[in-house]
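Engineer: Model the full assembly from the supplied sequences, consistent with the hints where possible.
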Amino acid sequence: MNIRESFERIMSEQSNMALATVTSDGVPDVRVVNFCWRADTGRVYFSTFPDNDKVREIEADPHVAFTTVPAAGNAHVRGKGVCRRSALTISEIAGDFIRKVPAYRGTVERFGDQLVLFEIEFHEASVTIDLAHSGTLKL
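In the working numbering, the protein residues as written are 58 to 196.
If you are wondering where the hints come from, they were derived from the structure by calculation, not from laboratory data.
Be aware that one or more of the hints could be misleading.
[What the hints assert, rightly or not] Quick list of the computed label-pair ranges, beta carbon to beta carbon:
| hint | residue 1 | residue 2 | range |
| --- | --- | --- | --- |
| 1 | 84 | 149 | 29 to 39 Å |
| 2 | 169 | 59 | 30 to 40 Å |
| 3 | 149 | 189 | 38 to 48 Å |
| 4 | 148 | 88 | 18 to 28 Å |
| 5 | 112 | 155 | 16 to 26 Å |
| 6 | 61 | 130 | 30 to 40 Å |
| 7 | 81 | 189 | 35 to 45 Å |
| 8 | 194 | 126 | 15 to 25 Å |
| 9 | 169 | 89 | 15 to 25 Å |
| 10 | 163 | 83 | 34 to 44 Å |
| 11 | 86 | 59 | 27 to 37 Å |
| 12 | 95 | 130 | 19 to 29 Å |
[To be verified] Straight-line Cα separation of at most 27 Å, DSSO-like style, residue types lysine-lysine; simulated pairs:
| hint | residue 1 | residue 2 |
| --- | --- | --- |
| 13 | 157 | 137 |
| 14 | 195 | 157 |
| 15 | 195 | 137 |
Idealized CB from N, CA, C, for every residue including glycine.
Structural biologist: Here's what the structure looks like:
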């Protein structure tokens, strides 16, 4: 199995990731968020409301970890990187989210002007294809 092809497939098909941050008390915190991957920028994107705990946690310490959450099977991608508010807007990237999660259209229509878009820059990913096949990909 080709690790690069598997990475691209997983990142384009899976819509949820577990995002880990660190609280102000130094305690790890994890939550599941919708995400999209853009190969043209090499970034993972997610949106949230500005008063959410993860916003404060990322602003205090931008180092994050994530793993995609498979709907079935074991295929997933893990990464560590730096998270920041994106220069892109939610309206510029909404189509990418809606292709993965059609119901996201309603979220964008109702709350798009309130959402904050974040991006994760990472340079290496652990790719698990199944229990017997995995590898590391340099990005």
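Engineer: Hint by hint, where does the structure go against what was stated? Just the numbers, ascending.
Structural biologist: 6
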